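Chains as they are written, first to last, in our numbering: chain R, -5 to 523; chain W, -5 to 523.
Bear in mind the hints are in silico, worked out from the structure with no lab data behind them. Just so you know, not all the hints are guaranteed correct.
The list treats identical chains as one, so a pair stands whether inside a single copy or across any two.
[Claimed, not checked] Straight-line alpha carbon distances no greater than 30 angstroms define the calculated DSS-like cross-link-like pairs of lysine-lysine that follow:
| id | residue 1 | residue 2 |
| --- | --- | --- |
| 1 | Lys364 | Lys322 |
| 2 | Lys501 | Lys405 |
| 3 | Lys9 | Lys54 |
| 4 | Lys480 | Lys52 |
| 5 | Lys250 | Lys347 |
Bear in mind that the values here come from a model prediction, so they are computed numbers and not experimental data.
Protein chains: 2
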Amino acid sequence: MIHGKNILGFELSAKGETTFHTYSSPAGEVLPGSFVQANAEEVECAVAKAKAAYAVYKTKSGLEKASFLRTIADEIEALGAELIERACAESGLPEGRITGERGRTTGQLRLFASLLEDGHWAEATIDTALPDRVPAPRPDIRKMLLPVGPVVVFTASNFPLAFSTAGGDTASALAAGNPVIVKVHPYHAGTNELVAGAIADAAKKTGMPDGVFSSLNAIEFSVGETLVLHPEVKSVAFTGSFFGGKSLYELAQKRKEPIPVFAEMGSVNPVILLPEKLLSAPAQLAATMASSLNMGAGQFCTNPGVIVVVESEAASSFQATLAEEIKKLVPQAMLHNNIYKNYTTRTEQIFTKTQVEKLAESDTEGSSLKGRPAVARVAGWDFVQHPEIAEEIFGPFSLLIVCSGADELEKVLAAFDGQLTASVLATNADVEKYATAIKTIQEVVGRLIFNGVPTGVEVCYAMQHGGPYPSTTDGRFTSVGVDAIKRFVRPVAFQDAPDAYLPDELKDANPLKIWRRINSQLSQEPIKR
Amino acid sequence: MIHGKNILGFELSAKGETTFHTYSSPAGEVLPGSFVQANAEEVECAVAKAKAAYAVYKTKSGLEKASFLRTIADEIEALGAELIERACAESGLPEGRITGERGRTTGQLRLFASLLEDGHWAEATIDTALPDRVPAPRPDIRKMLLPVGPVVVFTASNFPLAFSTAGGDTASALAAGNPVIVKVHPYHAGTNELVAGAIADAAKKTGMPDGVFSSLNAIEFSVGETLVLHPEVKSVAFTGSFFGGKSLYELAQKRKEPIPVFAEMGSVNPVILLPEKLLSAPAQLAATMASSLNMGAGQFCTNPGVIVVVESEAASSFQATLAEEIKKLVPQAMLHNNIYKNYTTRTEQIFTKTQVEKLAESDTEGSSLKGRPAVARVAGWDFVQHPEIAEEIFGPFSLLIVCSGADELEKVLAAFDGQLTASVLATNADVEKYATAIKTIQEVVGRLIFNGVPTGVEVCYAMQHGGPYPSTTDGRFTSVGVDAIKRFVRPVAFQDAPDAYLPDELKDANPLKIWRRINSQLSQEPIKR
Chain R
-5 MIHGKNILGF ELSAKGETTF HTYSSPAGEV LPGSFVQANA EEVECAVAKA
45 KAAYAVYKTK SGLEKASFLR TIADEIEALG AELIERACAE SGLPEGRITG
95 ERGRTTGQLR LFASLLEDGH WAEATIDTAL PDRVPAPRPD IRKMLLPVGP
145 VVVFTASNFP LAFSTAGGDT ASALAAGNPV IVKVHPYHAG TNELVAGAIA
195 DAAKKTGMPD GVFSSLNAIE FSVGETLVLH PEVKSVAFTG SFFGGKSLYE
245 LAQKRKEPIP VFAEMGSVNP VILLPEKLLS APAQLAATMA SSLNMGAGQF
295 CTNPGVIVVV ESEAASSFQA TLAEEIKKLV PQAMLHNNIY KNYTTRTEQI
345 FTKTQVEKLA ESDTEGSSLK GRPAVARVAG WDFVQHPEIA EEIFGPFSLL
395 IVCSGADELE KVLAAFDGQL TASVLATNAD VEKYATAIKT IQEVVGRLIF
445 NGVPTGVEVC YAMQHGGPYP STTDGRFTSV GVDAIKRFVR PVAFQDAPDA
495 YLPDELKDAN PLKIWRRINS QLSQEPIKR
Chain W
-5 MIHGKNILGF ELSAKGETTF HTYSSPAGEV LPGSFVQANA EEVECAVAKA
45 KAAYAVYKTK SGLEKASFLR TIADEIEALG AELIERACAE SGLPEGRITG
95 ERGRTTGQLR LFASLLEDGH WAEATIDTAL PDRVPAPRPD IRKMLLPVGP
145 VVVFTASNFP LAFSTAGGDT ASALAAGNPV IVKVHPYHAG TNELVAGAIA
195 DAAKKTGMPD GVFSSLNAIE FSVGETLVLH PEVKSVAFTG SFFGGKSLYE
245 LAQKRKEPIP VFAEMGSVNP VILLPEKLLS APAQLAATMA SSLNMGAGQF
295 CTNPGVIVVV ESEAASSFQA TLAEEIKKLV PQAMLHNNIY KNYTTRTEQI
345 FTKTQVEKLA ESDTEGSSLK GRPAVARVAG WDFVQHPEIA EEIFGPFSLL
395 IVCSGADELE KVLAAFDGQL TASVLATNAD VEKYATAIKT IQEVVGRLIF
445 NGVPTGVEVC YAMQHGGPYP STTDGRFTSV GVDAIKRFVR PVAFQDAPDA
495 YLPDELKDAN PLKIWRRINS QLSQEPIKR
């Protein structure tokens, strides 16, 4: 049964007066549960509990935090069919996708657990004392990454599990040693409640402090705003629109103490089809692009929203086949009505631009949340003069940019803003010939893909899911992969500290047997002093 | 001969109409050289050159960049007495201090060179392909830190060499692969010109591109403002006042693409004297504090501006001796008249506060730039209610906070804002007994020092010179030590890239023989695929 309450640490609370429901997608039927928006008192309580919990939680060992994360994963799996059904209903996403997302979510939690068990992530660095150095002795200095304090996570509409309540933001913030307060997305408050309950249960079972996790229902902006402005909140994570991310970022800069907002916002993920590669299989490449474009109704943050080619016979053939493939695509249900309406309006608008030529739309008309796949074309030089043409249209839409030659290609690539990814489809000869062009687009992306589509973001060590502004608010960090933990820590140095005071990672004996950088060299050895 | 011109890459330029001079300190005599402020055209030229240079400079190998940094150090040393004399004259600092600062500057450059020669700093991380994984294969993903683009460095008034033209900011930005544009501090434009010339010469000698370094004279805010707002500038470093740092930070947030501003601003660096330690040697501790306080006329960013004790007989004895020691201190020349005037006004003001008791001033009156050392006292509870009492007074001033007991000590420590450092003077028994209090202050500092004074910032691997806001704009980074390089890079991931396209750090063969994280484990082995 869905209770609709806020989860304040180990308590349930429903003191507010504003309530809301969630709806099945695409049918739009009211789903069970009336959700009570957190009122000011409850927001304050969640933060106060998080602050108190932080004093305890930050002292938990890596193994203790790992056990907490593993138990969260177990508890989410134990929710079984109830979670899958609710998430499918609230998002309209098919069961296979939701099951996959659950696997990604629990996999992420367990990956962060293994990171904590391994212990190396904290970047322990030691410079030992040089008491005899002249003119002045060197003290003993040791540094490591430590948590920052309560983190607020805004859940994402397009990934109700993997980028939401127990998603990568929460997992990495908890792994780092920070309490988390989730601001619930109103479209999947039921899914959130189930997962948030699982986290609270895991916290109790593993002896974590009351307040290490809270979940606040919200349908109005005020809840999120109060959280971001609260002096005890130290960091914010968000996945969503450029407008939403930018608003939170600006809010956080207005505080007496500005705090980081890690907002993953949007990206057109340009796909560059280089000539020799294109010549090898224009029709097949067109089919691949069309299918990547419509994956998840075009709502992945790495949807290929722009395709760049250089004029040639093969490019014409590619364009023709792409148009045919787009016609064959079947419109899929989008996540909610706002996204569908926005998609429909924006595609209509772009076709009215004088520089833009409509190439094709799906033969099936869009209807009831189902966005109609479409593709348009613009000449390279027109794009260079009006790069705003390529602003993201969230959904199954791509813009084909056709360049007159290699020079124009470089200019086109130089005109792009920050992107999560770019893809280069190229033979080795293409890569060599167009190296300067590729390095141009590399400068504005977080991940550069060769001969692959941008959809599909591995959760691993080497992933960089974060590009220069405006694709995120801070391209120096990733929101996917183990390095996501680096968003919620800061380095602290200890000078001449007694061994007993030092965290385990920095103690003489190296009880965790981790790799440490000692006097500039990596070592697993203990320190003798 | 001082030419007074702007250094735009390999050109000298003086097209502007505003000129200024520098003055000897403390005498105030005009020094040779008329400096021409950069005009708008010259600012634009420096940025355009930096942008063009970036395309070349970012492709230089670690060894090439290391050779550039080592040559800068050599060229600075080759300036010999001319540099020392000019820096002493412009800053009023004694020769020993300036010689020491030069050693720190060249040492930093060579440390970054050795970091580049070693090559590990770029955090090469590789997850190899898993072509047979089900349900979907894993691509090959490789990530490393890469430069961000042109960096603007504002030189600091209190360190004319080590935190200025070729100081830690410039050294780390160049090491990372970014061109640097220096905005000159008008009080030591002559010192800057000599050092900037050395950098330009080193760039020519080592084959670095024209524009990898520029230096712009400025006496008005407009030069710095134009630089921070320029779309091709990607990062900013600043050391100075809270007001100055905050202004630049806010300016950078107003850009279409916000950029990071690493401003090191101010800090009172609380020193906590715990009871057992205090009992052991109250008089000696008082003498140590007094001397640290007056070091460099109190103008180090780690000056001990606040001392915290718990009421006791030993504390009273400490207070009495501290007062005596302060009386004996001889006022020293401050860096320039604004600092001196501000110091004098602020100390006069604090003594008028009802909660504050003046304990002692130097027996020697302040005069002509020489700030009069002073110490005041406030009760713990009064500080908790009015923490603004402890706002930094830049100069040889300390505030003694006397707590009524252990409970009040914790409340006092919880009332501090972000600090570069805190020092705990304590026996091991004190550390154990007051662990909670120490962890409270640890939460707001970048470096926690045991039984030492905060002055003295080692340039090493484990240094963290950067604490939470407002001591810096971003406590997740350090401005001293090798990790300062992390301010000017971002991670970029390459997916399924041809080996030939990859940077050396990520190539299969591991030609640099660096440690890499491969499939989660550290390794120096090549990759077989």
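Checklist line | Earlier hints that do not hold, by number | finding: 3
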